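In order, the protein sequence lines correspond to chains A and B.
Numbering-wise, the working numbering comes out as the position in the first sequence, counting from 1, plus 17.
Numbering-wise, the working numbering comes out as the position in the second sequence, counting from 1, plus 17.
None of these hints come from the bench; they were simulated from the model.
Heads up, some of the hints might be wrong.
Any copy, or any two copies together, can satisfy a pair, since identical chains are not distinguished.
[Unchecked claim] The calculated PhoX-like cross-link candidates involving lysine-lysine, where the alpha carbons are at most 25 Å apart (straight line), are: (1) Lys146 - Lys95; (2) Lys210 - Lys194; (3) Lys146 - Lys24; (4) Lys31 - Lys146; (5) Lys219 - Lys31; (6) Lys99 - Lys56; (7) Lys56 - Lys221; (8) Lys146 - Lys194; (9) Lys146 - Lys219; (10) Lys95 - Lys56; (11) Lys194 - Lys31; (12) Lys99 - Lys146; (13) Lys99 - Lys210; (14) Lys221 - Lys146; (15) Lys56 - Lys146; (16) Lys99 - Lys24; (17) Lys210 - Lys24; (18) Lys219 - Lys24; (19) Lys194 - Lys219; (20) Lys56 - Lys31.
Please read these numbers as outputs of a predicted model, since none were measured by experiment.
For reference, the chains in residue letters:
There are 2 protein chains.
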Amino acid sequence: MVYISRKDVDEMDKIYRINLINSCTGYKSANLIGTKSSKGILNVAVFSSITHMGSNPPLLGFVIRPITVNRDTYLNIKETGKFTVNHIHQSIIADAHHTSANYDSEISEFDQTDLEPEFLNGFEAPYVKGAPVRLGCTFLNEYPILENDTRLVIAEISEIHFNEGIQIADGSLQLDKAETVAINGLDGYALPKLLERFEYAKPK
Amino acid sequence: MVYISRKDVDEMDKIYRINLINSCTGYKSANLIGTKSSKGILNVAVFSSITHMGSNPPLLGFVIRPITVNRDTYLNIKETGKFTVNHIHQSIIADAHHTSANYDSEISEFDQTDLEPEFLNGFEAPYVKGAPVRLGCTFLNEYPILENDTRLVIAEISEIHFNEGIQIADGSLQLDKAETVAINGLDGYALPKLLERFEYAKPK
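All chains should be built: construct the whole structure from the sequences, respecting the hints.
This is the structure in C-alpha cells:
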C-alpha cells in the first residue's frame, strides 16, 4: 500500500493535493443547482457536496465557499430562498462540468451551454430540462464551518419531480435506471450500475 | 414526469418516505468508519454521508444521529478523538451493510462479520483490512444541526493509505480502479465505471 502522512499532504503541490483529497473520501453526488437572481438572471452550477441530511422533515445540505467560487449561487439562494437540485444525466456531463467555469454574474450558464432552464409548477427557481430527478428546495439555515471558512447550507425539499419508471415499489429511486452519474474527485464523471440491495440489517 | 409535493412527502408511509428521500439527492459515498472504545472494543459501521469539506487543510465531514443509531461510533470518536474511514470494496458489500445492525456496545461488528481490523502505522483506531483506500482521521469539531437534531462532525485527515495502481499522475485516486462502490438510498450498492474526465473549466 501507499502511505501518505499529513506532512506529505501539507508539502504537496496545490493541484496534486486538491486532486488527491477530493477523491479520497469516495464517490460524490453529481447535481446541478439552479437559481435565479433578483435581476432575473438564471444561474446553474455543478455541485458534488449535496448530501442527504434527514427524511422527516426532508432535508439536504451542501458545502459552499461563498466568497470566491459559487458566489452567484450563494447570493441568489440568500436573496430568493429558493433553488433547484437536478441530477446530472450521463448525456450532459460535459455541459454540467462547464458550469464550473468562472463566468461573470451577468452571464447565465444556460446561455453558454446546451443546458435549458425549465420552470415547473410555479416554483421560482429554474430546473434543468431533462434532468431525471429534480428537487425544488427552500433555504432554511447556514452553518459557518470555522475550520476552513466554508458554509454548510441546510434546505428543505419542497417538491420532487422524477422520470417515470425509476421508482420501485418501496419508494426508492433506482438511480442506474435514471442514468444519474457520480463524481470522482474534481472532474471525473462515473456511471454506476446497481450490484445488490439488502434487507434492513438485524443482529445475527 | 412524476410530481410529488411536500404534502405528499409528509403523508407518506415512514419507510416509503425514507427510501424516497434517501435516494433523491443522488449517489452517496460508501465507507466504513472504524473506532475503538476506551474499553478496547473495536467498532465498525457503514456511513453514506462522508463528504469532502476542503483540501487545505484536508477535511471531511459526516452527519450523525448521536442519540439513537451510530451511538457507539460517536461516543468512541468523542472519547478517543480518532477514527478511520475505509472505502467499501465491491467484494464486501454484504458485510459492510450488516454493520448497520443494532448490536450492543459490548459486541464488535468485526466479530459478527468477515471484516477484519488492522492497525497501521501506530494509528489508534482500527482500519478495515483490504479496504482499497483508508484514511486515519482526527476529530476537530461538531456542529449541531438544529433543523433535525443531527450533528455534522468535522475531522482532519491525518494519514492516507491506498492500494498501489489506483493513483494517477495528477494525484487523483481513480475509484473504479479501486472498485470502490457508491450507495443508492438506504441499502443499494452500485459499482461505478469512469465515463470521462474533464479539464479545469474556463469561460468560452
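Hint by hint, here is what the structure shows:
no., hint, verdict
1, Lys146 - Lys95, "within (24 Å within a copy, 45 Å between copies)"
2, Lys210 - Lys194, "both (9 Å within a copy, 15 Å between copies)"
3, Lys146 - Lys24, "between (46 Å within a copy, 24 Å between copies)"
4, Lys31 - Lys146, "neither (36 Å within a copy, 30 Å between copies)"
5, Lys219 - Lys31, "between (45 Å within a copy, 19 Å between copies)"
6, Lys99 - Lys56, "within (15 Å within a copy, 48 Å between copies)"
7, Lys56 - Lys221, "between (59 Å within a copy, 23 Å between copies)"
8, Lys146 - Lys194, "within (18 Å within a copy, 33 Å between copies)"
9, Lys146 - Lys219, "between (41 Å within a copy, 23 Å between copies)"
10, Lys95 - Lys56, "within (14 Å within a copy, 47 Å between copies)"
11, Lys194 - Lys31, "between (37 Å within a copy, 24 Å between copies)"
12, Lys99 - Lys146, "within (17 Å within a copy, 44 Å between copies)"
13, Lys99 - Lys210, "neither (32 Å within a copy, 33 Å between copies)"
14, Lys221 - Lys146, "between (47 Å within a copy, 22 Å between copies)"
15, Lys56 - Lys146, "within (22 Å within a copy, 55 Å between copies)"
16, Lys99 - Lys24, "between (42 Å within a copy, 18 Å between copies)"
17, Lys210 - Lys24, "neither (37 Å within a copy, 32 Å between copies)"
18, Lys219 - Lys24, "neither (42 Å within a copy, 32 Å between copies)"
19, Lys194 - Lys219, "neither (28 Å within a copy, 32 Å between copies)"
20, Lys56 - Lys31, "neither (37 Å within a copy, 41 Å between copies)"
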